[in-house]
Amino acid sequence: MKRIIFALGALLIPVLAAHMVLAAGLFKVGEKAPSFALTAITGETVGLDTYKGKVVVLGLFHICDPCMVQGSALQNVSEVTKGKDVVVLGVNSSGDSKKSVGEFLSAFPVKVTYPYLLDPNKVTDKLYGGGKFIPNVYVIDQQGVIRWQRVGNMDLAGEETIVAEVEKLLAAGSKM
Numbered sequence: 102m103k104r105i106i107f108a109l110g111a112l113l114i115p116v117l118a119a120h121m122v123l124a125a126g127l128f129k130v131g132e133k134a135p136s137f138a139l140t141a142i143t144g145e146t147v148g149l150d151t152y153k154g155k156v157v158v159l160g161l162f163h164i165c166d167p168c169m170v171q172g173s174a175l176q177n178v179s180e181v182t183k184g185k186d187v188v189v190l191g192v193n194s195s196g197d198s199k200k201s202v203g204e205f206l207s208a209f210p211v212k213v214t215y216p217y218l219l220d221p222n223k224v225t226d227k228l229y230g231g232g233k234f235i236p237n238v239y240v241i242d243q244q245g246v247i248r249w250q251r252v253g254n255m256d257l258a259g260e261e262t263i264v265a266e267v268e269k270l271l272a273a274g275s276k277m
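Under this note's numbering, think of the first position of the sequence shown as 102, with each following residue one higher.
Any given hint might turn out to be false.
Okay, derived cross-link-like pairs now, DSS-like style, lysine-lysine, Cα gap no bigger than 27 Å in a straight line [as the list claims (entries may be wrong)]:
| # | residue 1 | residue 2 |
| --- | --- | --- |
| 1 | LYS227 | LYS133 |
| 2 | LYS155 | LYS200 |
| 3 | LYS200 | LYS153 |
| 4 | LYS133 | LYS185 |
| 5 | LYS129 | LYS185 |
| 6 | LYS185 | LYS200 |
| 7 | LYS212 | LYS183 |
Estimated spans, in silico, between C-beta atoms of each pair [stated by the list, open to error]:
| # | residue 1 | residue 2 | range |
| --- | --- | --- | --- |
| 8 | THR214 | ALA138 | 26 to 32 Å |
| 9 | GLY203 | VAL246 | 29 to 35 Å |
| 10 | VAL170 | GLY203 | 30 to 36 Å |
| 11 | LYS129 | ASP186 | 18 to 24 Å |
| 12 | ILE164 | GLN244 | 29 to 35 Å |
| 13 | THR214 | ASP166 | 17 to 23 Å |
| 14 | ALA272 | LYS153 | 17 to 23 Å |
| 15 | ALA273 | LYS199 | 33 to 39 Å |
| 16 | CYS165 | THR140 | 29 to 35 Å |
| 17 | LYS227 | THR146 | 16 to 22 Å |
| 18 | GLY196 | GLY274 | 32 to 38 Å |
| 19 | GLY274 | LYS199 | 30 to 36 Å |
| 20 | LYS183 | ALA208 | 22 to 28 Å |
Note that these hints are calculated values from the structure, not bench results.
Idealized CB from N, CA, C, for every residue including glycine.
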């Protein structure tokens with residue numbers, strides 16, 4: 102029995118290490134946020150560069166329950182930061198149809214009022230590497246640099262944590 106457990110452990114360790122290396126490659130804190138322009142579910146074109154000078158909270162989502170939880174938390178972030186130099190953006194980065202995304206958003210426990218973008222060509226998945234680790238949340242500073250990021254763990258990316266990171270950037274920005 103001990104041999105079986107040892108053999109399983111020996112097989113699992115390289116697999117877990119590979120996933121950690123992949124996930125580490127996603128952490129782009131300190132790097133310029135890759136630019137994109139996408140169409141919102143409401144029809145307007147939204148580009149990341151449009152929000153230079155503001156703190157941006159960017160959520161990359163698929164259609165899944167963890168993404169609904171994180172997307173709802175971002176709605177709360179949007180409401181708490183309303184009237185400040187902050188914008189919250191959600192992106193369906195998995196290429197789902199407008200109809201599917203609309204149905205998904207209508208199932209949220211809260212009404213999403215922040216721009217929710219469609220990414221039919223999975224551009225953001227390629228730019229941000231989020232496809233395997235979703236939901237993925239970035240906080241981008243006023244100069245377009247990623248200052249905080251969490252992948253797939255709502256315990257570490259709850260609304261209070263995100264708001265605290267946003268407030269740090271707003272305070273730092275006011276001193277510039």
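Results for each hint:
Our distance criterion of 27 Å between C-alpha atoms is met by LYS227 and LYS133, whose separation comes to about 15 Å. Proposed proximity of LYS155 and LYS200 is contradicted: the alpha carbons are some 30 Å apart, above 27 Å. Only pairs whose Cα atoms come within 27 Å are accepted, and LYS200 paired with LYS153 is rejected, the gap being roughly 30 Å. Between LYS133 and LYS185, the direct Cα distance comes to roughly 22 Å. Compliance with the 27 Å bound is thereby established for this hinted pair.
A threshold of 27 Å between alpha carbons decides the hint, and for LYS129 with LYS185 the separation of about 25 Å falls inside it, so the pair holds. Among the hinted pairs, LYS185 with LYS200 is inconsistent with the structure: their alpha-carbon atoms are about 32 Å apart, more than 27 Å. For the proposed pair LYS212 and LYS183, the alpha carbon gap of about 15 Å is at most 27 Å, so the pair holds. The supplied range of 26 to 32 Å is broken by THR214 and ALA138, whose beta-carbon atoms lie about 21 Å from each other.
Checking the proposed 29 to 35 Å range against GLY203 and VAL246 shows it holds: the Cβ atoms sit about 33 Å from each other. For VAL170 and GLY203, the hinted distance range of 30 to 36 Å is not satisfied, since their beta carbons lie about 19 Å from each other. For LYS129 and ASP186, the Cβ-Cβ distance of about 22 Å falls inside the hinted range of 18 to 24 Å, so the restraint holds. One distance hint, 29 to 35 Å for the beta-carbon pair ILE164 and GLN244, holds here, with the actual separation near 33 Å.
Checking the proposed 17 to 23 Å range against THR214 and ASP166 shows it holds: the Cβ atoms sit about 21 Å from each other. Between ALA272 and LYS153 the Cβ separation comes to about 19 Å, which falls inside the hinted range of 17 to 23 Å. Checked against the hint of 33 to 39 Å, the C-beta distance between ALA273 and LYS199 comes to roughly 37 Å, which is consistent with it. In this structure the hint that CYS165 and THR140 lie 29 to 35 Å apart at CB is violated, the actual value being about 22 Å.
At about 19 Å, the beta-carbon gap between LYS227 and THR146 stays in the expected band of 16 to 22 Å. The hint said 32 to 38 Å for the Cβ distance between GLY196 and GLY274, and at roughly 34 Å that hint holds. Look at GLY274 against LYS199: about 35 Å separates their beta carbons, and that is inside 30 to 36 Å. Taking the beta carbon of each, LYS183 and ALA208 are about 24 Å apart, inside 22 to 28 Å as hinted.
The structure fails hints 2, 3, 6, 8, 10 and 16 (numbered hints given earlier, in ascending order).
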